[in-house]
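Peer 1: One-letter residues, chain by chain:
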Amino acid sequence: MKMVKVKGRFRGGESPRIRELAFILNRIRRSPLSIAGIIIVLFFTFIAIFAPVLAHPQPNRDPYMMPRYGFSPIPRPPGPDFLFGTTEGQYDLYYGIIWGARTAYRIGVLVVAVSMIMGIVIGSIAGYYKGVIDEVLMRITDIILAFPALILAMAFVVAFGRGLDSITFALILVWWPSYARLVRGEVLKITAEDFVEAAKAIGCSDFRIMVRHVLPNTIFPLIVMASLDIGSVVLTAAALSFLGLGAPTGYADWGQIISLSRNWITGAPGNPFAYWHTYIIPGVFLFLFVMGWNLLGDALRDVFDPMIRRR
Amino acid sequence: MISGKAIRSPANILPFFFYLSKIANPYIRVELQGVRMVNNIKTYVARRLILLLPTVLGVTILIFAVAQLFDPVQRASLYIRDPKQLRSIDEVIEKYGLNQPIYLQYFSWFSQVLQGNLGWSQSLHMQVLDAIITRFPATLELALYAAPLTIFLGIRLGKLSAVKKDTLIDHLTRAFAIVGWSLPAFWLGIVLLAFFYGGLGIFAPGRLSPWADVLITTGEFRVYTGLYTLDAILNLNGAVFLDALSHLILPVTTLTIINVALIMRIMRSSMLEQLGKTYIIAARARGLDDKKVIDKHAAKNALIPVITLSGLLTAGMLSGMVITETIFEFKGIGYFAAHAATQLDIPAVLGFALLTGIIFVIANLIVDLLYAYIDPRIRLA
Amino acid sequence: MQPPVLAEKEQLKVQDLMVRFYTYEGIVKAVEKAKLKLRLGETLGIVGETGSGKSVTALTIMALTPTPGKVEGGNIYFRLTSGEIVDVLKLRGVELLKIRGKEISMIFQEPNAALDPLYTVGDQIAEAILTHRLPEMLERVNQLKKKEADSFLMRLPIFRGIFEKRLLNQVVREEIVQLLRLMEIPDPERVLDSYPHELSGGMQQRIVIAIALACSPALLLADEPTTNLDVTVQAQILDLIMRLKQRFGMSIIYITHDMGVIAEICDRVAVMYAGNVVEVAPVKEIFKNPLHPYTKALLESIPKPGSAFKSIPGTVPNLVNPPSGCRFHPRCAYAMKKCSVEVPQLKEVSKEHNVACFLHGDA
Numbered sequence: 318m319k320m321v322k323v324k325g326r327f328r329g330g331e332s333p334r335i336r337e338l339a340f341i342l343n344r345i346r347r348s349p350l351s352i353a354g355i356i357i358v359l360f361f362t363f364i365a366i367f368a369p370v371l372a373h374p375q376p377n378r379d380p381y382m383m384p385r386y387g388f389s390p391i392p393r394p395p396g397p398d399f400l401f402g403t404t405e406g407q408y409d410l411y412y413g414i415i416w417g418a419r420t421a422y423r424i425g426v427l428v429v430a431v432s433m434i435m436g437i438v439i440g441s442i443a444g445y446y447k448g449v450i451d452e453v454l455m456r457i458t459d460i461i462l463a464f465p466a467l468i469l470a471m472a473f474v475v476a477f478g479r480g481l482d483s484i485t486f487a488l489i490l491v492w493w494p495s496y497a498r499l500v501r502g503e504v505l506k507i508t509a510e511d512f513v514e515a516a517k518a519i520g521c522s523d524f525r526i527m528v529r530h531v532l533p534n535t536i537f538p539l540i541v542m543a544s545l546d547i548g549s550v551v552l553t554a555a556a557l558s559f560l561g562l563g564a565p566t567g568y569a570d571w572g573q574i575i576s577l578s579r580n581w582i583t584g585a586p587g588n589p590f591a592y593w594h595t596y597i598i599p600g601v602f603l604f605l606f607v608m609g610w611n612l613l614g615d616a617l618r619d620v621f622d623p624m625i626r627r628r
Numbered sequence: 007m008i009s010g011k012a013i014r015s016p017a018n019i020l021p022f023f024f025y026l027s028k029i030a031n032p033y034i035r036v037e038l039q040g041v042r043m044v045n046n047i048k049t050y051v052a053r054r055l056i057l058l059l060p061t062v063l064g065v066t067i068l069i070f071a072v073a074q075l076f077d078p079v080q081r082a083s084l085y086i087r088d089p090k091q092l093r094s095i096d097e098v099i100e101k102y103g104l105n106q107p108i109y110l111q112y113f114s115w116f117s118q119v120l121q122g123n124l125g126w127s128q129s130l131h132m133q134v135l136d137a138i139i140t141r142f143p144a145t146l147e148l149a150l151y152a153a154p155l156t157i158f159l160g161i162r163l164g165k166l167s168a169v170k171k172d173t174l175i176d177h178l179t180r181a182f183a184i185v186g187w188s189l190p191a192f193w194l195g196i197v198l199l200a201f202f203y204g205g206l207g208i209f210a211p212g213r214l215s216p217w218a219d220v221l222i223t224t225g226e227f228r229v230y231t232g233l234y235t236l237d238a239i240l241n242l243n244g245a246v247f248l249d250a251l252s253h254l255i256l257p258v259t260t261l262t263i264i265n266v267a268l269i270m271r272i273m274r275s276s277m278l279e280q281l282g283k284t285y286i287i288a289a290r291a292r293g294l295d296d297k298k299v300i301d302k303h304a305a306k307n308a309l310i311p312v313i314t315l316s317g318l319l320t321a322g323m324l325s326g327m328v329i330t331e332t333i334f335e336f337k338g339i340g341y342f343a344a345h346a347a348t349q350l351d352i353p354a355v356l357g358f359a360l361l362t363g364i365i366f367v368i369a370n371l372i373v374d375l376l377y378a379y380i381d382p383r384i385r386l387a
Numbered sequence: 080m081q082p083p084v085l086a087e088k089e090q091l092k093v094q095d096l097m098v099r100f101y102t103y104e105g106i107v108k109a110v111e112k113a114k115l116k117l118r119l120g121e122t123l124g125i126v127g128e129t130g131s132g133k134s135v136t137a138l139t140i141m142a143l144t145p146t147p148g149k150v151e152g153g154n155i156y157f158r159l160t161s162g163e164i165v166d167v168l169k170l171r172g173v174e175l176l177k178i179r180g181k182e183i184s185m186i187f188q189e190p191n192a193a194l195d196p197l198y199t200v201g202d203q204i205a206e207a208i209l210t211h212r213l214p215e216m217l218e219r220v221n222q223l224k225k226k227e228a229d230s231f232l233m234r235l236p237i238f239r240g241i242f243e244k245r246l247l248n249q250v251v252r253e254e255i256v257q258l259l260r261l262m263e264i265p266d267p268e269r270v271l272d273s274y275p276h277e278l279s280g281g282m283q284q285r286i287v288i289a290i291a292l293a294c295s296p297a298l299l300l301a302d303e304p305t306t307n308l309d310v311t312v313q314a315q316i317l318d319l320i321m322r323l324k325q326r327f328g329m330s331i332i333y334i335t336h337d338m339g340v341i342a343e344i345c346d347r348v349a350v351m352y353a354g355n356v357v358e359v360a361p362v363k364e365i366f367k368n369p370l371h372p373y374t375k376a377l378l379e380s381i382p383k384p385g386s387a388f389k390s391i392p393g394t395v396p397n398l399v400n401p402p403s404g405c406r407f408h409p410r411c412a413y414a415m416k417k418c419s420v421e422v423p424q425l426k427e428v429s430k431e432h433n434v435a436c437f438l439h440g441d442a
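Residue numbers (the working numbering), protein chains in the order written: chain A, 318 to 628; chain B, 7 to 387; chain C, 80 to 442.
Keep in mind that a hint or two might mislead.
Unchecked claim - When the alpha-carbon atoms are kept at most 30 Å apart in a straight line, the in silico DSS-like pairs for lysine-lysine are as follows: (1) B/LYS170 / C/LYS149; (2) B/LYS297 / C/LYS149; (3) C/LYS177 / B/LYS306; (4) C/LYS169 / B/LYS302; (5) C/LYS149 / B/LYS283; (6) C/LYS426 / C/LYS363; (7) B/LYS306 / C/LYS149; (8) B/LYS297 / C/LYS177; (9) C/LYS169 / B/LYS298; (10) C/LYS177 / B/LYS298; (11) B/LYS48 / A/LYS506; (12) B/LYS283 / C/LYS92.
Bear in mind the hints are in silico, worked out from the structure with no lab data behind them.
This is chain A alone, in the form it adopts within the complex (with noise of 0.2 Å):
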């Protein structure tokens, strides 16, 4: 990285880990795109959390569904009316925005939370015990990560039907490899471990050990994987949402405000551009969010890996 002199903001105390955390943060400090990253991940999270007070859901409606303003399909441009303008069919784009950050995390922190926890599972129990029941295991996650991600998730959809939960379902499906495979990985590593054979020795139950020291040890990467899966999660939903594979038409997805533009590209005759919020505002706004948390997973990266290494 390039050579400064560092007198970082935040000092130490005799404590190692609070000199661990100052370490992180002085890191995170010096890029600044990590700070954009966290910026940008804050600013979804903050409209995540207030949807309800920057736009108001309609009485008597389910909250996540765009609230419409007449039949027409030609999509009105942003004005004093409504901020980002509409897009076909007259939904709000602004609200369909702000909640659409709601129905990105959802659909992100479920995929990615229930992934993790079952390849932790998964990968402890692999990783632990190896032999037949490795084997077996790892046979299972290699067939399901030989299939793309998409692909995959559009069979199950197709399966259990179009909506936000098909996909969900489909995601964690396609998802908890990766981590399981993370996770088994490390616990060989540590397992090969003396210290794991000291614990045997004392009498510590498998779980304990599991637990208490092989866990530990696996957070890091985990982490670093899980901010960097968000982002794909969310990618991948809103493309199904797109195919028309996910959310109903009207709802607040993202990937199928962007399906809603579909046939406002061309944009009116003599004006090219004329509906260019229909699909260029929705698209910034997953754009964002998307690399938001790839800089944040690309910083956690970048602080975690020197820490690995230096153990």
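Add chains B and C to chain A, keeping to what the hints say.
Peer 2: Positioned in the frame of chain A, the structure of chains B and C alone reads:
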């Protein structure tokens, strides 16, 4: 989109490369499995080939498992070659044993697959296998242009940004990579279409302009391979060649922008890893100039994991880029799969997924063997 | 008229060398005002713990300071085979490349890591030869060509090109085989075409040495070449190095932390601590009469059967914030007040014996 979920995940950097290599690199994978180390190349190749069979079987099992999520009536179309058979569904169910215990069903389904019967696609009105065969050349053509371009650019940019680490060029290329990686493929396609097609009126969606299509229907233009640019050369028809090419430009650009990021980041991190190694210092100590040190030594070593990744990337492209094809109305297998999915056309989607899985397994095998061939440490272990 | 920077019999003079590493944790003052002198044909040992700056110094002599290191000051005067004297730190580009591998060569601690795994060892030796001795090889090719001058094939340019290439290969191969024989490598033809991982550690190190000596350098830098080898192999390699020195007549700077090796092969020794050269003396002197407290402690810490194990109290200092004054003073049994304030300079205390310590001479 690129295939293999793992690829869409963290890119760049050692940990990711390590995870990827756990999946793709047979050497490390063998190690992790706690199996005895590969002793020589022959046992290694033999082992890989033998592993091929259960993996392919596994793929079919997974597809079959997904199929089981449907009731027998729905599954019937998986077995038939002719829609008329659907009228007597009970007969079909009897014939293929759709009510029987699972393992029997699997065998009956599998034997059908081996005979080339992937079922009937209601959304396309043709047999699934036929649909795949007729649609594949389009995807092949797209991949044929997109993959080499992506790989070449990715390697170049990765090498450049590693060598010029921390300079403006490095930051720019990395920024480009992050942006490219975060871009939703469908959105990029739409924006490009809006700008070029909507705004400038060039690069229309589809594979050919209407006038060229007419040439094909009338028979004036003979289709040999299904790859229109190639066929145009074979037909000695420059106009069609240019037309087909111009229709390829936007989809290929979209694919390249998004996937270059991945290759570039792996190449960069791989290069950086090599540049820190002792043999590079040793090479410099011999008096070799920078160019030689970088090209002859660092880059060559750095390329090894990149080749693995490129192989998987190409496989991903061959599996059909669902999104890209859909947006640009490029009628390849991805387009047809998306169409089938929205129509809940089960045999089509499953057939497509099956094809994809097999392409991947084979690609993995090729990449593994390639790896063993390139790296003398494995070849002559 | 300015006196020449190097005396008549001097090979190398390192003056006031300062190397700093710019890292996240701060600026590491790795080498601080180091002074070294080397005579023609001499073997100088550099001893020190890890972190003493010995490897960095060696690499810097070839202007190969690893990033993020920067040379912040000092001179490295070197006498080329031609007699000309250059300051290595002031050289750039082609000038520098002409020196590396040809005038100054280096052998490394981990032979396996020093060889590119993707190329045969023959290829790598050939690299060194072709970079620096190309004219000589081409001359030989010409000699061989004369024999075939009238053959039909030679009239055609394409074939001539291929033929010349093949001749060059042949000539270089012969040269490499000679070199390998010098390294006492059995079956050189087969070894030539092997990849590094196919060879044992000892063999690999011989290859590394072969590469280093391929162009008969005036100075050989040896960075702990035997540390990672088996003890028996160590002895073999050491012997080899000494024999080669006799044959090639080069000067050697031998870096190690093993005093036994120093005793065996070095003429003079420099002791480095935390980036400073603290004592320089002929080998016998150092063992008989170590003056610097660190040197004394080092010698005492060599385990001797029968006596208690003695180690040096304290730890190697953090070079981002090194101790003030003499860097050894926190661990020194004889530290005075002056030691934490002023930095002692290297001063000649008796014939050929230099120390940087306030205990001896007015530093």
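Peer 1: Next, verify each hint and record whether it holds.
Peer 2: Here is how each hint holds up against the structure:
For the given pair, B/LYS170 sits about 17 Å from C/LYS149 by alpha-carbon distance, which is consistent with the 30 Å threshold. With a C-alpha separation of about 22 Å, the suggested pairing of B/LYS297 with C/LYS149 holds against the 30 Å cut-off. Restraint check for C/LYS177 and B/LYS306: satisfied, since their Cα atoms lie roughly 25 Å apart, inside the 30 Å limit. Taking the CA atoms of C/LYS169 and B/LYS302, the gap is near 27 Å; set against the 30 Å cutoff, the hint holds.
A threshold of 30 Å between alpha carbons decides the hint, and for C/LYS149 with B/LYS283 the separation of about 19 Å falls inside it, so the pair holds. Restraint check: the Cα-Cα separation between C/LYS426 and C/LYS363 comes to about 19 Å, which is no more than 30 Å; the hinted pair holds. A C-alpha spacing of about 28 Å is found between B/LYS306 and C/LYS149, which places the hinted pair at or below 30 Å, so the restraint holds. Of the supplied pair hints, the one linking B/LYS297 and C/LYS177 holds, its CA atoms being roughly 15 Å apart against a limit of 30 Å.
Straight-line distance between C-alpha atoms of C/LYS169 and B/LYS298 comes to about 23 Å, which keeps the hinted pair within the 30 Å bound. Only pairs whose Cα atoms come within 30 Å are accepted, and C/LYS177 paired with B/LYS298 is accepted, the gap being roughly 15 Å. The hinted pair formed by B/LYS48 and A/LYS506 meets the criterion: a straight-line CA distance of about 28 Å does not exceed 30 Å. Under the criterion of a C-alpha separation no larger than 30 Å, the hint pairing B/LYS283 with C/LYS92 is consistent with the structure, at around 29 Å.
Checked against the numbered hints listed earlier, the structure breaks none of them; every hint is satisfied.
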